[in-house]
Amino acid sequence: MITSQAKTAPIVSLTTDFGQSDGYVGTMHGVILNICPSAIVTTLSHNIPPQNIQTAAFVLYQAFDYYPEHTVHCVVVDPGVGSRRRAVAIRTGHGIFVGPDNGVFSMVLDATNVLEAVALTNPKYQLSNVSATFHGRDIFAPAAAHIANGIPLERFGPRITDLTQEKFEGKIETGQSRVIHIDRFGNLILDITARHVDKPERVMFTIGQNVIKSLSYTFADVEEGQLVAYVGSNRNHIELAVRNGNAAQALDLQLGDVVQVSK
Amino acid sequence: MITSQAKTAPIVSLTTDFGQSDGYVGTMHGVILNICPSAIVTTLSHNIPPQNIQTAAFVLYQAFDYYPEHTVHCVVVDPGVGSRRRAVAIRTGHGIFVGPDNGVFSMVLDATNVLEAVALTNPKYQLSNVSATFHGRDIFAPAAAHIANGIPLERFGPRITDLTQEKFEGKIETGQSRVIHIDRFGNLILDITARHVDKPERVMFTIGQNVIKSLSYTFADVEEGQLVAYVGSNRNHIELAVRNGNAAQALDLQLGDVVQVSK
Amino acid sequence: MITSQAKTAPIVSLTTDFGQSDGYVGTMHGVILNICPSAIVTTLSHNIPPQNIQTAAFVLYQAFDYYPEHTVHCVVVDPGVGSRRRAVAIRTGHGIFVGPDNGVFSMVLDATNVLEAVALTNPKYQLSNVSATFHGRDIFAPAAAHIANGIPLERFGPRITDLTQEKFEGKIETGQSRVIHIDRFGNLILDITARHVDKPERVMFTIGQNVIKSLSYTFADVEEGQLVAYVGSNRNHIELAVRNGNAAQALDLQLGDVVQVSK
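Protein chains in written order, with this note's numbering: chain A, 1 to 263; chain B, 1 to 263; chain C, 1 to 263.
These are calculated hints, taken from the structure and not from any lab test.
The structure presented is a predicted model; accordingly, all values stated were derived computationally and were not measured.
Hints may contain errors.
What the hints assert, rightly or not - These stretches of chain A come out as covered by chain B in the derived footprint (C-beta under 8 Å, 3 or more residues): (1) 9–15; (2) 178–189; (3) 214–220.
What the hints assert, rightly or not - Label pairs and their calculated CB-CB ranges: (4) C:Asn129 x B:Lys199: 15 to 23 Å; (5) A:Ser128 x C:Thr206: 49 to 57 Å; (6) A:Ser128 x B:Lys124: 48 to 56 Å; (7) A:Asn210 x B:Asn52: 20 to 28 Å; (8) A:Glu166 x C:Asn122: 55 to 63 Å; (9) B:Thr174 x A:Arg195: 55 to 63 Å; (10) A:Ile160 x C:Asp198: 40 to 48 Å; (11) A:Lys167 x B:Ser128: 51 to 59 Å; (12) C:Asn129 x A:Asn149: 39 to 47 Å; (13) C:Asn246 x A:Lys167: 54 to 62 Å; (14) A:Arg235 x B:Thr174: 50 to 58 Å; (15) A:Asn210 x B:Ala119: 33 to 41 Å; (16) B:Val211 x C:Asn122: 39 to 47 Å; (17) A:Pro200 x B:Pro123: 20 to 28 Å.
Said to hold, decoys possible - Negatives, chain C to chain B, calculated, CB over 12 Å: (18) Arg84; (19) Thr174; (20) Gly186; (21) Ile207; (22) Gly208.
We treat Cβ as the ideally placed atom computed from N, Cα and C, and that holds for glycine.
Produce the entire structure from the sequences given, and follow the hints as far as they go.
Following this line, the structure appears as structure tokens:
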């Protein structure tokens with residue numbers, strides 16, 4: 001017989017730019033298990049490009065609402081560690097978020113509502129020696145674990161209402177969209193979504209000499225090696241791909257580059 | 001006192017070519033935990049070379065029977081996503097397998113017996129909006145989680161008996177073997193096993209100018225930097241290595257390349 | 001309501017040089033869950049540079065005492081697999097360690113006290129077929145899982161008192177320190193710690209043409225792109241960094257390279 005543990009075991013997800021060669025992530029696991037031994041700890045990504053807030057914002061936004069609502073999402077992409085940027089916890093309509101207040105939650109905050117936000121200032125919920133350079137271990141992991149244990153947000157520090165919000169989304173009105181994410185397959189995720197496109201059969205994407213003349217349903221609609229645009233699995237963002245190939249290499253595009261869109 | 005959770009907590013293993021930079025794998029974790037909160041989710045590999053079915057087949061075959069029998073192995077190496085390839089679940093003598101019917105289970109099916117196989121067509125066990133490009137999230141993860149919850153396979157869709165079976169194993173009779181896997185150390189795993197070799201002291205491997213004149217017990221039998229062949233830990237497949245070096249680089253061999261074998 | 005599983009579920013941490021493309025790590029998970037189904041298995045690193053004992057020793061030392069005391073840390077960085085090096089288990093004041101006796105535990109053993117150590121010779125706690133090349137699967141994972149189950153160390157084999165101990169720490173007296181670790185960000189961790197430095201405002205680091213003239217509090221104390229030295233988060237080891245840049249690239253330094261220190 002297959003039996004179950006408690007239906008609502010606490011979950012902490014981690015999103016970092018720490019890579020997986022160093023012991024940083026493993027140390028955070030230890031800190032979390034010390035404070036909340038019953039936590040299930042999962043990874044969204046530990047390979048966010050170093051200090052790339054936009055990619056972290058996107059990965060979090062792709063994944064967060066596929067998780068149970070009680071999940072604590074802990075994000076440590078933190079170029080400002082040791083400076084005055086705030087450490088925050090945010091309770092939303094779908095999940096609780098812990099990390100630096102540097103814009104990394106912008107896309108999630110566009111997609112769900114904030115119920116409560118606090119600055120993480122109470123030393124009671126931090127490790128006893130807070131380093132200048134590893135707040136993931138000393139502040140964010142302990143906060144996530146204490147929240148997973150059910151400690152109310154108000155105990156962590158003062159309420160705040162001025163969370164940093166960056167605008168990463170594109171404006172198709174200008175005829176330009178930007179590459180917001182490049183995945184492992186070299187698929188290019190754009191900052192525009194299906195709702196920006198009225199007539200899928202007419203929309204046209206231009207990248208240098210290359211033109212994609214309509215929106216397909218999926219990359220299997222074109223031949224191997226051909227360019228294709230379609231509404232992707234990432235919250236209806238439009239993606240450019242080469243079927244069974246690598247569009248980022250084929251088009252020589254980088255994160256943030258512009259794709260011309262006419263409709 | 002150390003205490004235990006239920007002896008038979010559900011286990012879901014994941015094998016994908018998603019890499020670990022994107023949120024794809026993390027999203028699958030969320031989907032699984034939403035449906036089966038008690039699941040222990042482990043990774044066989046998320047770094048299968050993009051769309052490389054043979055490598056996925058090999059990695060699965062290396063690992064599957066070291067897992068408890070009730071494990072659900074979920075594989076998403078799926079170049080045909082969005083096309084007509086079937087999504088399947090297979091109950092075997094050792095583990096349940098979920099993934100695309102593209103040959104990825106071939107080596108496992110050679111090694112164990114199929115008790116039951118179904119096509120995953122019942123929308124009840126899929127996410128409500130199935131995308132064209134991310135069936136890992138929308139079909140395979142939900143199926144694995146529902147199976148982990150104990151839902152019988154017959155509820156997922158019609159029984160099938162014509163599973164795709166690829167032949168990856170070599171035929172030493174022709175005097176040729178192929179590189180079936182290259183591991184992180186540059187060790188070359190061949191498609192022939194110990195049972196293909198009658199007289200270990202006489203078998204000879206030729207790769208261009210390089211000759212290995214017998215089968216050793218382990219790489220510690222030769223000096224540092226020397227080439228060596230031995231029966232590896234991967235189900236008795238024969239491996240070529242350089243002691244404390246990288247054989248793939250030294251011999252300039254790629255996945256699928258031929259090694260001459262004479263016995 | 002959020003509920004908890006047993007407060008003291010067994011924990012096994014893994015540190016290997018197996019990478020994450022092969023099925024090696026996933027196989028170890030299966031072996032552990034077969035023997036100790038309630039184990040929480042975490043990763044310190046699977047990307048230790050192949051056969052680099054010093055890096056493994058450092059990563060373990062960074063992380064171990066952030067884990068609960070009952071954690072079993074299983075290390076498989078094992079260039080001598082198949083030779084006569086011993087397999088050992090070590091109970092310390094903070095955690096139990098399982099792995100090859102090749103110096104990989106040196107830095108931990110400098111930092112905590114050994115209560116008991118044994119050689120892992122009892123075949124009862126090994127897989128039934130021990131391969132010559134994958135003791136991680138056949139010896140170390142089973143030992144870690146049985147220890148996690150509460151089996152006393154004395155049952156695994158004879159007590160030993162001559163554990164291999166390497167000296168990786170630098171001697172600032174000679175005016176030289178060495179790079180003991182390079183992290184994902186290119187930060188250079190030195191083998192000297194804060195206690196080697198009497199006057200932080202006077203200490204000077206020289207790397208070729210580059211000079212760092214004092215010890216800062218953190219990298220946020222200098223401008224973007226500037227070199228900086230500070231007491232890092234890694235047990236007070238001194239680190240050299242470029243703010244929001246990569247010091248290893250900027251200074252062209254490798255693991256083991258010398259940095260001149262004058263005080």
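Numbered hints the structure breaks, given as an ascending list: Numbers 5, 11, 13, 18 - these are the hints that the structure violates, sorted from lowest upward.
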